[in-house]
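Chemist: Here's the letter readout for the chains.
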Amino acid sequence: MRRDLTPGNLFPDLELPDHGGHGRTLSELAGGDPVLLQFFRGWFCPKERAFFASLLQLQSEAEVAYTRFVSVSVETTETQAAFRAGLGARWTFLSDHERRYIDELELRETSDTLYNPYLPTVFTLYPDLKIQAAYNGYWFWGRPTNEELRMDFRAITRAIRRNWDVADEGR
Amino acid sequence: MSWLWFALRDERPPTASISVEVSGDAHSASYLAVWPSDAKRPKRGMRIDARAIDADGPPAWVSLVLAPPSGGVLFDDPAVVEATRRALALPWPDALSTLVLEGYRFGGSITVARTPDDPRLDADPFATVYPTLRLRVGAGLLGSMPPPVGPGIQRYGAGNPWPGKGFDS
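Quick mapping for you: the protein sequence lines, in order, are chains A and B.
Residue numbering for the first sequence follows the numbering used here, beginning at 1 and increasing consecutively.
Residue numbering for the second sequence follows the numbering used here, beginning at 1001 and increasing consecutively.
Please keep in mind that the hints were generated in silico from the structure rather than gathered at the bench.
Quantities reported herein were computed from a predicted structural model and do not represent experimental measurements.
Ideal Cβ positions, reconstructed from N, Cα and C, are used throughout, including at glycine.
A hint or two may mislead.
Covered stretches of chain B (chain A as the covering partner; in silico rule of three or more C-beta atoms under 8 angstroms from a C-beta of chain A) [claimed, not checked]:
(1) 1083 to 1096
(2) 1112 to 1124
Distance windows between CB atoms, simulated [unchecked claim]:
(3) B:Pro1014 / A:Ala85: 23 to 31 angstroms
(4) B:Asp1117 / A:Gly88: 24 to 32 angstroms
(5) B:Gly1103 / A:Thr76: 23 to 31 angstroms
Computed far set for chain B versus chain A, every beta-carbon distance over 12 angstroms [as the list claims (entries may be wrong)]:
(6) Pro1036
(7) Ser1070
(8) Asp1168
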């Protein structure tokens, strides 16, 4: 992982097609809300499917919490659309089929020379793409638990929502 | 939040900023019309996500779901919430906006495609809440908008239509 992809630094503004083929930028996707940015190997990996099961549980909370999810892999948009539908995920997948960013971000999983996928990695981001936390998930236990993600999103939301402590308003 | 007033009318409304003739489903001479958000609420007017509107937009086919004139269910009704989830899960159409009545009621929705046989019209999840009209809409009203990022199903501020772009837009 690139050395500057650490808390407090800005994540690069990726520009990639989503699972429907629409061109998107990460900054546009953030749109003023906290973001979970996940890089994953591909649909074929049992570890990824186990981690997606965890994210799907968090989806039912994030859907009412003004928090956005973005998942990135080297699969085609068509493959991602099918995987997303099969999972029941209701967030955006970005396709880096051309591996445009995999080396720039130093997120190539070098131990897999067959698929050349992304290294499983999770970032929690502020709306301006500042990194709150980074998780290296090459080994499964390096991935964030939903409790860790809740704590990250609490910290970001507290920082960006002016009325976080509504009782202080008007004082 | 950027929204506009939106209504289906039997006659072309002279005060509307845009009005376009529609046909189909027994609405052979009706009009879809929009007004700016700072205009007085027009008769049967509902709030629509402004990104769905484009005065340069090409002709379209729409699935237009409308609540009964007596008023729609609350926007947070489980039926609307589940339809919103389905809209996020399904392939996104050219444009989609819910329609808001009185700031807190579900007035319906509009799903936009460019051909009459587009399967995204048949799959309109909001048609499970109220009946839908299939209408052909002339050029100059409906644009294209990107899919919501997901998984958010909440509106950005009470009174605004879903999806909306964010709190700061």
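Chemist: Confirm or reject each hint.
Modeler: Here is what the structure says about each hint:
Given a C-beta distance limit of less than 8 angstroms, the hint that chain A covers the segment 1083 to 1096 of chain B holds, as 5 residues qualify and 3 suffice. With 0 residues carrying a beta carbon less than 8 angstroms from a beta carbon of chain A, the segment 1112 to 1124 of chain B misses the three-residue requirement, and the given coverage is violated. Under the hint 23 to 31 angstroms, the C-beta atoms of proline 1014 (chain B) and alanine 85 (chain A), about 46 angstroms apart, miss the expected range. Between aspartate 1117 (chain B) and glycine 88 (chain A) the beta carbons are some 27 angstroms apart, a value that agrees with the proposed interval 24 to 32 angstroms.
Between glycine 1103 (chain B) and threonine 76 (chain A), the C-beta spacing of about 42 angstroms breaks the proposed range 23 to 31 angstroms. No Cβ of chain A approaches the Cβ of proline 1036 (chain B) within 12 angstroms, the least distance being about 23 angstroms, so the stated non-interface status holds. Its beta-carbon lying about 29 angstroms from the closest one in chain A, serine 1070 (chain B) satisfies the requirement of being farther than 12 angstroms from that chain. Remark: the non-interface label on aspartate 1168 (chain B) conflicts with the geometry, its nearest Cβ contact in chain A lying 5 angstroms away (cut-off 12 angstroms).
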